[in-house]
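Protein chains in written order, with this note's numbering: chain A, 1 to 117; chain B, 1 to 115.
Be careful, since some hints might not be right.
[Claimed, not checked] In silico DSSO-like links for lysine-lysine, alpha-carbon gap of 30 Å or less:
no.	chain 1	residue 1	chain 2	residue 2
1	B	Lys16	A	Lys14
2	B	Lys107	A	Lys57
3	B	Lys70	B	Lys16
4	A	Lys57	B	Lys16
5	A	Lys11	B	Lys107
Everything labelled a hint here was simulated from the structure, so no lab data went into it.
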Amino acid sequence: DTGVSQNPRHKITKRGQNVTFRCDPISEHNRLYWYRQTLGQGPEFLTYFQNEAQLEKSRLLSDRFSAERPKGSFSTLEIQRTEQGDSAMYLCASSPPPSQGGLLQQYFGPGTRLTVT
Amino acid sequence: AQKITQTQPGMFVQEKEAVTLDCTYDTSDPSYGLFWYKQPSSGEMIFLIYQGSYDQQNATEGRYSLNFQKARKSANLVISASQLGDSAMYFCAMREAGGADGLTFGKGTHLIIQP
Chain A
1 DTGVSQNPRH KITKRGQNVT FRCDPISEHN RLYWYRQTLG QGPEFLTYFQ NEAQLEKSRL
61 LSDRFSAERP KGSFSTLEIQ RTEQGDSAMY LCASSPPPSQ GGLLQQYFGP GTRLTVT
Chain B
1 AQKITQTQPG MFVQEKEAVT LDCTYDTSDP SYGLFWYKQP SSGEMIFLIY QGSYDQQNAT
61 EGRYSLNFQK ARKSANLVIS ASQLGDSAMY FCAMREAGGA DGLTFGKGTH LIIQP
């Protein structure tokens with residue numbers, strides 16, 4: 001039984017560099033979510049996909065943030081021109097279709113911790 | 001305005017005691033779901049329990065129960081017979097049917113179980 005996986009688990013980058021994170025959802029889950037969690041706060045919703053369609057992206061923090069899910073399976077989150085304020089844990093979650101209980105919970109991955117120096 | 005409010009930043013509880021973690025929410029959507037997640041120091045979010053706005057009964061999952069008071073917009077988590085392994089951050093979250101599909105989280109409560 002494989003859960004949601006995220007790579008890398010940790011990323012240290014210099015300010016101004018671009019970074020990309022990958023999320024592999026549970027295989028039969030068609031919905032995929034990205035969140036950001038800063039120290040001492042709860043996760044903050046960023047965007048989500050239903051299959052390959054990005055249905056919500058107004059919550060992305062700036063135009064430096066973008067996400068893709070080209071084939072409806074794995075997803076990537078890219079941050080361009082990173083800033084120190086981007087340092088956070090980036091969490092991915094997935095859920096099955098509503099007909100299979102998808103409204104009842106989201107399954108989270110272990111997260112990618114980003115440190116911008 | 002905060003949609004999810006958790007007023008207890010930290011709590012210390014003796015092992016084997018019951019503990020109640022507070023959560024109040026704010027929504028005008030008649031259809032919504034309320035969730036509790038546990039986040040141990042490893043960082044992974046672990047789903048604990050769910051309550052739908054139309055559910056008549058309070059949700060229970062093993063040692064976890066949700067004290068749902070709809071008129072007060074309150075969804076407190078009750079952990080019975082606490083264990084050392086319950087030490088973690090606990091987050092209350094909400095999904096509104098008319099909103100984006102993501103969860104809105106509170107700031108969390110840091111629960112420490114003492115032997």
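Structure versus earlier hints - violations, ascending order: 1 and 4
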